[in-house]
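Undergrad: Same order as they appear, the protein sequences are chains A, B, C and D.
Note that our numbering has the first sequence beginning at 1, numbered continuously upward.
Note that our numbering has the second sequence beginning at 1, numbered continuously upward.
Note that our numbering has the third sequence beginning at 1, numbered continuously upward.
Note that our numbering has the fourth sequence beginning at 1, numbered continuously upward.
Be careful, since some hints might not be right.
Sample of chain B residues facing chain D (criterion: CB under 7 Å; computed from the structure) [stated by the list, open to error]: (1) Asn-111; (2) Phe-115; (3) Gln-121; (4) Phe-142; (5) Gly-144.
Covered by chain C, according to a simulated footprint, are these stretches of chain B (three or more residues, beta-carbon under 8 Å) [to be verified]: (6) 81-94; (7) 235-245.
Bear in mind the hints are in silico, worked out from the structure with no lab data behind them.
In this text, a Cβ means the ideal position worked out from N, Cα and C, and glycines have one as well.
Residue-level listing of the chains:
There are 4 protein chains.
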Amino acid sequence: MTHEQNTSPNSPATHHWVLALSCVDQPGIVHAISGAVVESGGNITESQQFSSHDTGRFFMRLQVQSPATRERFEATLQPITERYDMTWKLDVVGRRIRTLLLASTAEHCVNDLLFRQRGGQLPIEVPLILANHPTLGRTAEFYGVPFESQPVTNPESKAAFENRVRAVIAEHHIELVVLARYMQILSPELCAELNGMAINIHHSFLPGFKGANPYRQAHSRGVKLIGATAHFVTSDLDEGPIIEQDVVRVDHSLAPAELVALGQDEESRTLRRAVTWFAENRILLDGDRTIIFQ
Amino acid sequence: MTHEQNTSPNSPATHHWVLALSCVDQPGIVHAISGAVVESGGNITESQQFSSHDTGRFFMRLQVQSPATRERFEATLQPITERYDMTWKLDVVGRRIRTLLLASTAEHCVNDLLFRQRGGQLPIEVPLILANHPTLGRTAEFYGVPFESQPVTNPESKAAFENRVRAVIAEHHIELVVLARYMQILSPELCAELNGMAINIHHSFLPGFKGANPYRQAHSRGVKLIGATAHFVTSDLDEGPIIEQDVVRVDHSLAPAELVALGQDEESRTLRRAVTWFAENRILLDGDRTIIFQ
Amino acid sequence: MTHEQNTSPNSPATHHWVLALSCVDQPGIVHAISGAVVESGGNITESQQFSSHDTGRFFMRLQVQSPATRERFEATLQPITERYDMTWKLDVVGRRIRTLLLASTAEHCVNDLLFRQRGGQLPIEVPLILANHPTLGRTAEFYGVPFESQPVTNPESKAAFENRVRAVIAEHHIELVVLARYMQILSPELCAELNGMAINIHHSFLPGFKGANPYRQAHSRGVKLIGATAHFVTSDLDEGPIIEQDVVRVDHSLAPAELVALGQDEESRTLRRAVTWFAENRILLDGDRTIIFQ
Amino acid sequence: MTHEQNTSPNSPATHHWVLALSCVDQPGIVHAISGAVVESGGNITESQQFSSHDTGRFFMRLQVQSPATRERFEATLQPITERYDMTWKLDVVGRRIRTLLLASTAEHCVNDLLFRQRGGQLPIEVPLILANHPTLGRTAEFYGVPFESQPVTNPESKAAFENRVRAVIAEHHIELVVLARYMQILSPELCAELNGMAINIHHSFLPGFKGANPYRQAHSRGVKLIGATAHFVTSDLDEGPIIEQDVVRVDHSLAPAELVALGQDEESRTLRRAVTWFAENRILLDGDRTIIFQ
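Just chain A, same shape as in the assembly (with noise of 0.2 Å):
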């Protein structure tokens, strides 16, 4: 049995908890939780499951608003994840993630998710930006979030990046990383011990124009759409499971610098679903595909 908890040392006393789960597929897993919360005198607000046919497991969220603390839901709740072999988490509606964004130039993604995580409509808080390039300190500053830039070059000064990402996680007890167009491919060790927590947004509708350019490859194939891809980092470049899409129409008068900046808003949009639903416990993992329970 594997779980996870919100490791915030002072969590509010709330009464609005998230629970997240999954197990392998078999009867009574509904009425053995729902039980718990009728246990724990609280009230289910909120429900989503699915069987999965690809991997035969379960998997579930619920919220649930009720005057348990959260020791006392959790002790109800152990009969039940020992017994199906649960993987689970517990958390807060609501709670702001600790969240490390990584940039490097490009302005669009970083601004829209600092907007509407000031104006509170993206749940996380962020320590701290980091990024490769001085540029997008003065947007930091805007937005009263601490920004560090150090240079990327060689295999020295990138081996030094990434260890200075691995003492931020821990210092600050980050719950996701966000690659906001941070353009430097992570080293296979960074993707590993980042796996499930690290969300990327690729320029072009994956699989299609993977790599460098996509949007100089979706010019010169002709192609009638552009898209942007949100997926968790995997050492597999561009290959790691795929958590939102979106798309905009073009046409053949645009050049490849037109499709970039049409293709901004779909990057923008896309990342910010994306870190919206993980910061909401919505993105389950099945295999190599996700589950989004919206």
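Position chains B, C and D against the provided structure of chain A, taking the given hints into account.
TA: Quick look at chains B, C and D alone, frame taken from chain A:
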């Protein structure tokens, strides 16, 4: 307490149930229902729920695989549906519901529904198409569906037509009446009798452009998107609960007749989705609004 | 004959012209205009035209690369614009038009416009943001745009605000006024003065849900798509010529406040497109309808 | 110089022409062409043009109302088409082009094309449907279209089928061949012969998921949108110039068979648009990319 049953005289001995229910929201409902599922030896394969802040009601739709007969499953459910004063319906997943199509001369919606019905993608059976023009007789014949037409030109012929609708509903145990671009206004009495079981397709994005000639209205207003709206029929014309809407982009260069041609595709798609959801027991009513459990 | 010119006192000696014109439709217009282009040594790089069946008028937008000065090109065009009694405008491709933003407390549209303006994706310059609240002062400062606020709380302060609008327009040679979620109704007099040069964003899919609280109206009507409409300001509230519209899918589970959050993205995108097209001289008026030459 | 003509033996004496042309980009082309229109007594009712930065070519499509006969109009155009070494085609607006449908067992695309062709919304006439299965014979009969089937099971029967294609093209002066979910790969020789006159619908969003079973590939990759691509047939499988693409949103809950059902609607719409644009002379080729003059 009210409830509906599958009224099919010889429903097949199936083991895949769909249960749709609503009641006043309160703790314990999910646990009680899932307990009945466990008691009947069943497994929940799909589940959705919603608590309405507007009306304080709770809505749920379940799919359950179970060895229980209908009698056994209903007996297990009965104490729960009574305790919570539920409105509920138990049906068989995939059962084709008996549908009466009302039509006039426009073929696109009728053709779309019959094409998909014949191909097994739309779980309806159509004992009759009733039209006020003979135009679509050949279409009905192609799809092997009985067809009748009788003109509606004055109050007497209108009353006769509506009495024929009533007779067909009774004779064929009709569960759904679809106004597939049937261009006549039904009498308030018939609207009342068909409450919650008749779907109309309006060729505009309601509440914009109610009434006649919506495409002409859309052209003169210069809108940039035109749409279609599938809604339940009520005596308050074009004001019934909305089930589905869709739009398509247009521009200044299109004449009203071209808007009509473009809009027909949206009408067909929108109506088809509404009929599918009704047939799959995915539509529940929350006052004047619909809950759609997709 | 009426015509507008680029009123910029020192327009740069550029060689990429945009010419937008309209006149009564008749044979020979294209040949006459293209003849003037040839005579000026130019080459047509983009051309669109439309003949309106509603009004019998002809509309055209050309981009021309030419070594001719403005004086020379205008002199070549003059006999043609007089012969056909054209309304026309000659401008420089890519010139940033002088834009006054009117704002209140909502930041999303202002932020979107300024972000793209600064990034060079929106050809406007903003000499001033004028607001009835001080809220957005910091945003303006971040983007380096002058900001003023003065409260509008009664007829006197409203008249003072509108007089300030008039003064700013005169002083800064304003070409476009954008009501970027400025929540006040302009006086009929000011609407008349701003005829054809002021764009508003309405937070609904007009003509549905005119007036106040459109998201609340949309929620209570249970629509399945919500939208935004950018339109020219006229004294007939929410009835001005529509420039652009867009929608986003919603469902029963969303409260009015959630519709607001979702809709803000559509508002920003819709307004941004309308402003871009205005700045690029792509919008022509055909009675109460707009011709958009994308 | 190359050019095509309307090869209809007895084209009606119409006065609404469509002229599509391309040549090396240079100044004066529009003026020369519009001069020929004026000389023929005509009026331009629709005009679009594009200068390709990729190939340096100029593309234009005009609709012209003119009292001139074809001979007279062609004679007026001839000096211009020769001077600029144009590839050009003169046709009659609204003429139904002679179209051969190749089909297999899937009915959705064939039904969609024939439904709209019969309703006058798609300007094609279909002298024959040629299939490798007899399945769609009844559909063809319903729409009053001749139908032939001959099996393709080995190299010999494949060669025989392709020879029948060649014979039908010659006999019926076929202008367009549509592979309406014809599931066989054409020989490289036939692909070459059909260059620029054959359209295929691929059931994925190319360049993603080339080859067989794209919906299964899409499912296992977990994409969030599936699509369809209409493209010209070339011997390089699934790599021909793209004409149109569209997508539809999907989620984790859909099995490959459900993706198939959902995707069929996109396939039908996408293919229909491509065929419409071809029939209206709106598609021009710029190297491997298409110019679409909508």
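Undergrad: Now look at each hint and say whether the structure bears it out.
TA: Each hint tested on the structure:
Interface hint at B/Asn-111: satisfied, since its Cβ lies 6 Å from the closest Cβ of chain D, which is below the 7 Å cut-off. Taken as an interface hint, B/Phe-115 checks out: its beta carbon lies about 6 Å from the nearest beta carbon of chain D, inside 7 Å. Because the closest C-beta pair between B/Gln-121 and chain D is about 5 Å apart, less than 7 Å, the hint holds. Contact between B/Phe-142 and chain D, as hinted, is supported at the beta carbon level, the nearest pair being about 4 Å apart and thus within 7 Å.
Interface hint at B/Gly-144: violated, since its Cβ lies 10 Å from the closest Cβ of chain D, which is beyond the 7 Å cut-off. Against chain C, the stretch 81-94 of chain B contributes 0 residues with a C-beta closer than 8 Å to a partner C-beta. That does not satisfy the three-residue criterion, and the hint is violated. Taking a C-beta to C-beta cut-off of 8 Å, the stretch 235-245 of chain B contributes 5 residues in contact with chain C, enough for the three needed, and the coverage statement holds.
The structure fails hints 5 and 6 (numbered hints given earlier, in ascending order).
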